[in-house]
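**Student:** Sequence:
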Amino acid sequence: MKELDFMGEVITAFDLGKDQVRTGMMTFATNTELLFKLDDFKTKKEIAKILDDRKNFVKYQWEGGDTNIGKALRLLMDEGLSASHGSRADVPQIAVIITDGDPNDRDDFASALLELRKKNFIVFAIGVGPDRRPDNLRKITGDPERVFELEDYDSLRTIGKELVDKVCDKEQNDEEKPDPCDKEEPCDGAMADVIFVADSSRSLGDISFNKLKQFAKAVVKRFTVSPIDIQVGFINFGNDPIFEFKLNSYRDQDEVMKAISKVQYLDTAESMQLTYTGKALQMLIQKGFLKQNGGRGGKVPKIAIIITDGEPTDIDATHRLAKEAKQQGIIIFAIGVGQWRKQDEINLLASDPDTTHAFVVENYDSLSFIEAGLAKKTCTAAIQAISKKPRIYS
Numbered sequence: 001m002k003e004l005d006f007m008g009e010v011i012t013a014f015d016l017g018k019d020q021v022r023t024g025m026m027t028f029a030t031n032t033e034l035l036f037k038l039d040d041f042k043t044k045k046e047i048a049k050i051l052d053d054r055k056n057f058v059k060y061q062w063e064g065g066d067t068n069i070g071k072a073l074r075l076l077m078d079e080g081l082s083a084s085h086g087s088r089a090d091v092p093q094i095a096v097i098i099t100d101g102d103p104n105d106r107d108d109f110a111s112a113l114l115e116l117r118k119k120n121f122i123v124f125a126i127g128v129g130p131d132r133r134p135d136n137l138r139k140i141t142g143d144p145e146r147v148f149e150l151e152d153y154d155s156l157r158t159i160g161k162e163l164v165d166k167v168c169d170k171e172q173n174d175e176e177k178p179d180p181c182d183k184e185e186p187c188d189g190a191m192a193d194v195i196f197v198a199d200s201s202r203s204l205g206d207i208s209f210n211k212l213k214q215f216a217k218a219v220v221k222r223f224t225v226s227p228i229d230i231q232v233g234f235i236n237f238g239n240d241p242i243f244e245f246k247l248n249s250y251r252d253q254d255e256v257m258k259a260i261s262k263v264q265y266l267d268t269a270e271s272m273q274l275t276y277t278g279k280a281l282q283m284l285i286q287k288g289f290l291k292q293n294g295g296r297g298g299k300v301p302k303i304a305i306i307i308t309d310g311e312p313t314d315i316d317a318t319h320r321l322a323k324e325a326k327q328q329g330i331i332i333f334a335i336g337v338g339q340w341r342k343q344d345e346i347n348l349l350a351s352d353p354d355t356t357h358a359f360v361v362e363n364y365d366s367l368s369f370i371e372a373g374l375a376k377k378t379c380t381a382a383i384q385a386i387s388k389k390p391r392i393y394s
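For the sequence shown, the working numbering gives the first residue as 1, with consecutive numbering after it.
Calculated from the structure, these hints are not laboratory results.
A portion of the hints provided could be inaccurate.
The list that follows gives simulated cross-link-like pairs (lysine-lysine, DSS-like), each with its CA atoms no further than 27 angstroms apart [as the list claims (entries may be wrong)]:
#1 376 / 326
#2 37 / 161
#3 258 / 217
Here are the in silico distance ranges between beta carbons for each label pair [stated by the list, open to error]:
#4 160 / 114: 50 to 60 angstroms
#5 342 / 31: 40 to 50 angstroms
#6 152 / 104: 16 to 26 angstroms
#7 30 / 221: 42 to 52 angstroms
#8 66 / 311: 46 to 56 angstroms
Everything numeric in this text was worked out from a predicted model, so none of it was measured.
For every residue, glycine included, the Cβ atom is placed at its ideal position computed from N, Cα and C.
Please put together the full structure from these sequences, using the hints given.
**Tutor:** Structure (structure tokens):
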């Protein structure tokens, strides 16, 4: 089955894993069937084993039948990319449809397309053979750039790399969602002073604060940490900020990650902590990047990563000091987490453009979905800031 060979090559090009790319597969003719779900397999090896053993697909050998694309689209929406089958709300939801003919269920196809348009899916369509219908392929994808037309199934392999590149292309993905082809590699060549600013108010709780720390460590793991590469500091705040460790406190990645693990959640039964983000920003501006605290000055970028789950208690001061920080050249990445987050508040904290510097996620578990994107953007900002004239972020 040439389609299986092709899909096997495409699937194994991705960085598969529980917190990276998940993949499923379905088939359709007169009837439709989900072959395996997004959360059925965790590694490339598991999927390759299934695809390589043709006995798993004997009953799907060609037997004729109708081309019920409408029915297939409904299965895709109802089950294939559903949360109950392993789909995640904060990652790109991508479908690749391969077909060689005109839909037989035209009425159902038309109504399914209307429903598909309401979904935030990224759909690629591959039409194969002389009976392919380019107009229907474009209707399925909503974008002619995501349509492939081939003369026969032998030609599938010729588009494998191009398909993978397009799926991985940032233009095909929400900027706040992770790149499905991202590999966990350090950002060599980046030099920056990076300070995490962590909300430690009562609304988080111990469990969420630990997840925040796990996220910070996962981001640091992607950095090359040293006095001549990226330096890392950490400010913890509630009613008042605490400079847990400074940029020059630790000299390598392992030391920094151990230090983050030791940071204590500030809220206690005796001392309720509110969200004084303005005070944290004031410490960031006045002390964060001083020479005696490890700040290297000059063209070395000053970067802050702020993680918070609520509206600032000192909202006016927060707005004023966020503006002041950016006027002083501090690049701010702002992350809002949970039900009390407000997109406009996160945008005000973040540097421009907020499409690049502001992130909003549903909960602290979802932080893992933006880990790679944030690390990559931090590294890119660091490299760009050093390679060009200083720029004031506002």
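**Student:** Against this structure, judge whether each hint is valid.
**Tutor:** So, going through the hints one by one against the coordinates:
1. 376 / 326: OK: residue 376 and residue 326 at ~20 angstroms, within 27 angstroms.
2. 37 / 161: Roughly 24 angstroms between the alpha carbons, so the hint for residue 37 and residue 161 holds.
3. 258 / 217: The hint holds at about 9 angstroms.
4. 160 / 114: 50 to 60 angstroms: Since the Cβ atoms of residue 160 and residue 114 sit about 31 angstroms apart, the hinted range of 50 to 60 angstroms is violated.
5. 342 / 31: 40 to 50 angstroms: 47 angstroms, holds
6. 152 / 104: 16 to 26 angstroms: Holds: the Cβ-Cβ distance is about 21 angstroms, inside 16 to 26 angstroms.
7. 30 / 221: 42 to 52 angstroms: Distance hint for residue 30, residue 221 holds at roughly 49 angstroms.
8. 66 / 311: 46 to 56 angstroms: 55 angstroms, holds
Hint check: a violation occurs at hint 4 only; the rest are consistent with the structure.
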